[in-house]
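A.B. asks: Make a model of the complete structure from these sequences and hints.
As given, the protein sequences belong to chains Y and E, one line each in that order. Mapping of the first sequence onto our numbering: position 228 corresponds to residue 228, and the numbering continues sequentially without gaps. Mapping of the second sequence onto our numbering: position 50 corresponds to residue 50, and the numbering continues sequentially without gaps.
Worth flagging that the hints you see were computed from the coordinates, not collected in a lab. There could be a bad hint or two in this list.
Any copy will do: because identical chains look the same in the list, a pair fits if it lies in one copy or spans two.
To be verified - In silico SDA-like cross-links for lysine to any residue, where the CA-CA straight-line distance does not exceed 25 Å: (1) 285 <-> 268; (2) 135 <-> 192; (3) 278 <-> 253; (4) 135 <-> 298; (5) 285 <-> 263; (6) 169 <-> 312; (7) 285 <-> 271; (8) 109 <-> 128; (9) 135 <-> 249; (10) 267 <-> 285; (11) 135 <-> 258; (12) 310 <-> 110; (13) 278 <-> 268.
Just so we're clear, the structure is a prediction, and the values are computed from it rather than from any experiment.
2 protein chains.
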Amino acid sequence: MTIQKPYLLFIGDASEQAAAKMAHGIAFWTPENVIGKISYPECKALIDVPEMSIGEAAKKGAKTLVIGLVNSGGFIPENWLKTLVEAMEAGMDIASGMHTRLAEFPILKQTAEKTGVKLLDVRIPQQDYPVGNGKKRTGKRLLTVGTDCSAGKMFTALALTAELQKQGKKATFRATGQTGIMIAGEGVPVDAVVADFIAGSIEILTPNNDPDHWDLIEGQGSLFHPAYAGVSLGLLHGAQADTLVMCHVPTRTGMRGASHYPLPDLKSCLELNLQTAKLTNPNVKCIGFAFNTSQMPENEARSYMDKVEKEFGLPCVDPVREGVKRLVEKMN
Amino acid sequence: MTIQKPYLLFIGDASEQAAAKMAHGIAFWTPENVIGKISYPECKALIDVPEMSIGEAAKKGAKTLVIGLVNSGGFIPENWLKTLVEAMEAGMDIASGMHTRLAEFPILKQTAEKTGVKLLDVRIPQQDYPVGNGKKRTGKRLLTVGTDCSAGKMFTALALTAELQKQGKKATFRATGQTGIMIAGEGVPVDAVVADFIAGSIEILTPNNDPDHWDLIEGQGSLFHPAYAGVSLGLLHGAQADTLVMCHVPTRTGMRGASHYPLPDLKSCLELNLQTAKLTNPNVKCIGFAFNTSQMPENEARSYMDKVEKEFGLPCVDPVREGVKRLVEKMN
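C.D. replies: The structure is reproduced here in structure tokens:
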């Protein structure tokens, strides 16, 4: 699947900032791919991108309208449909990260047939993947793992990619979730792959490469999440990571979507990740931690990270506050 | 999905005994559901079931022709199609465990439309499953886990179910693979479920039940298989097993389909299963081992099992040679 750039970001009636996190991620990481945004008067999310009409965006060259917000249930309300159809009639493809296929909405299907534009369901695998073979591949791989979902795994992998590229190193971000795929323009929506092919799909995502090339692979879920650990383990095995970075939100008190489950402690989480990763790469090691300390005052965040750094003897950073240079120094 | 019984087993031109293992499993575990079989002259598999024509089977009341053999690639050769169409015209549904959908073969699709019989793809999930919630359910659960694929997990779960029922206990076999589903008439084809829903599908498969009721859940794969460990972990979490039985083939030298990977040792395999199972059931324990010692002389098998029994302090049985009574004694 190729998502044609540049994008017009649609955030419609996003009910809160978090609902537009896909649009925000795309605008933050690849501003060069973003022409503008469309929001409705009731929109509660702020994205620092010029507001514009469909006509204006089309004139400026927007090739794809990206549905950059989530709503619960995966349906598309009537008022969105109007905007999407208008964009299609102006020649734009539509890209969506929802579980529901765009073509299941009759008006979108009809309009696509009429106009010839594409409906791109980023969350739905577009190819058949093989079962994993576990064979060693060339090139270097780093996987971001975490104590929970939404712990900064995509952000950290993107920050590491940017820092390596800035230093002139060969590095590619490998997307495994819908926002990551919109940013990279390609990837594997691993949580939507058929269970038998989880590891195999990641082997395809990160093929043989130059010995000094790094794949920075976006992790998903957590080995300690009661719903998603299977995805995390298959991804870990398929990645054959040489290097792990562990992501964590110190202020979180329960697992995301399963708050009756406590977060695992860092030591247990790290040990289980290393132990299971060794199956497909016996030389795997962890080079540090990436924390999202946005809910902590700066001094508290620093003293927390100093403590962890001392306990594990590994660099601890908050990629937003200070970048990931100290992690990159450990990548060799 | 309901698979109407009784069955006519189709083993066509099975190239070896192992190719007809689904038919064999059905005939062995549920002979009361089997009317007869159809094999071609070149068939290399023996199943102890009367050979009969489509017409004869229909007259005796066969409701479903079950494709009881596997071939590589999941295609259906021309000579099978003829038999399948004849069965459909005699009023039988067709049930298949292949990855390829039956309806993808135009002649089968057309014949189904014409005759009104059903094409049942046992390997393809027929419903949407929720994500797992990890909430404790009532009733007791045993899961068969293993060092590898094809290590006796289905056989052991079925043997335990039969033994419990013989003793007058409440017990239900819960199928997770295509042969198990054909035997039970229902189940979850877990390796074909979308990755995000692995654990959730197993929560649905084994719902709340009476406090003294046992679900005997068929395990899949192995936490140490480089392709399938994600399925195994999601299944383990969704099962919330109180009790594990570990299945192993002592004579196997490499992982199935990935023979460059050695089998894990029993101790590491048991520890990792218990450790990860504790996430959703902190009280999980292992009550014993089930070995497939068919490739060992009886005295060698017994001395191997005695050694393991001594090492772990847990009963070790070969379910085929001696049954599973000694395991059932530990279920409380």
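A.B. asks: Hint by hint, note whether the structure agrees.
C.D. replies: How the hints compare with the structure:
{"no.": "1", "hint": "285 <-> 268", "verdict": "both (15 Å within a copy, 20 Å between copies)"}
{"no.": "2", "hint": "135 <-> 192", "verdict": "both (24 Å within a copy, 23 Å between copies)"}
{"no.": "3", "hint": "278 <-> 253", "verdict": "between (29 Å within a copy, 19 Å between copies)"}
{"no.": "4", "hint": "135 <-> 298", "verdict": "neither (44 Å within a copy, 37 Å between copies)"}
{"no.": "5", "hint": "285 <-> 263", "verdict": "both (22 Å within a copy, 23 Å between copies)"}
{"no.": "6", "hint": "169 <-> 312", "verdict": "neither (27 Å within a copy, 51 Å between copies)"}
{"no.": "7", "hint": "285 <-> 271", "verdict": "both (10 Å within a copy, 21 Å between copies)"}
{"no.": "8", "hint": "109 <-> 128", "verdict": "both (23 Å within a copy, 23 Å between copies)"}
{"no.": "9", "hint": "135 <-> 249", "verdict": "between (34 Å within a copy, 23 Å between copies)"}
{"no.": "10", "hint": "267 <-> 285", "verdict": "both (14 Å within a copy, 23 Å between copies)"}
{"no.": "11", "hint": "135 <-> 258", "verdict": "between (35 Å within a copy, 9 Å between copies)"}
{"no.": "12", "hint": "310 <-> 110", "verdict": "neither (60 Å within a copy, 69 Å between copies)"}
{"no.": "13", "hint": "278 <-> 268", "verdict": "both (15 Å within a copy, 13 Å between copies)"}
Hint check: violations occur at hints 4, 6 and 12; the rest are consistent with the structure.
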